[in-house]
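Asker: In the working numbering, each residue carries its 1-based index in the sequence shown increased by 436.
Note that these hints are calculated values from the structure, not bench results.
Heads up, a few of these hints could be off.
[Stated by the list, open to error] In the DSS-like style, the derived pairs of lysine-lysine whose C-alpha atoms are separated by at most 25 Å in a straight line are:
hint : residue 1 : residue 2
1    : K547      : K564
2    : K710      : K670
3    : K643      : K670
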Amino acid sequence: DFSDCIIWLTGNVAADQLEKLGKVIGFIQPKVEQGDIEETVESVLKSRYKPEFLDRIDEIVIAEQFEGDQMRQMVEVHINEFRRSMEDSLPRGKQFDLAVEPGAVDFILKKAKEDSDSARGIVRTIEKYLSDPLGNELVKNTITLGDRVEVAYEEGNDALSFYLLEGEGTVSDADKMAIFGDRDTGVGLGMQRRTARANALAKKQAKKRYSVTIEATSDNKLAAEAATIQHEAKEIFGLSIKQITLTTDGEPHSMTFIVEGIAEQMELFSESFKDAKIAEVKTPDGEAA
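With the hints as extra help, turn the sequences into a complete structure.
Answerer: In structure tokens, the structure reads:
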């Protein structure tokens, strides 16, 4: 029964026609407007599919073109996903820090645009210029536990530069442990590595205050959840608890913690406590507390 389902159909209808829109004979290349794209896609849809099929589709959504800032944000997202995947998959005792400088991000963006203005083009470019060269160094055991690798771009080169700073990275307690058996990788280990790095950053950066609110249907459930949050916020995520407020007039009962930390710590904290409502605390004049 699909009566309560939303079905998405995705495709690249009119891809060939859209590619030709910006290619004309002459020195001046026209800017392709979103209206031109929508008109072209709708025309191809009508020529390719029967009206009976199109009438059964409630809404047709045409994706907008990526702008420069949006493409750069996508590059940063994919780089962070690569870093996270690496942290989850590296064997115990192999942790190192990876820092990608803004110039390197710009270089990857430039090469991705030369490939194609798409997410697939970004992934291919990151593999070619970042993950593959880094993987080669890992295979050769050039990078060891506690190192820091800085990735930069030097003008005039057609590749990124990788600088190894021995012993200048962060090391999680888990990577120092001797574990017997095959449980030496996984998301749990990756989370410990990210937490260690975030806590190291917190020692160098200015902290902000955040509110963390949890709800429960009974005092007992609220107390159990609150005890877990208090312990993990301090002992695991390195947050400092500044204030606790309990609300029991009506259901659900709630408890709000005011904690102090940096954005990286709060991001990891929210992954572990997905039901908690987290917000940055602002002063009356709108500034961060």
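Asker: Hints the structure violates: just list their numbers, smallest first.
Answerer: none
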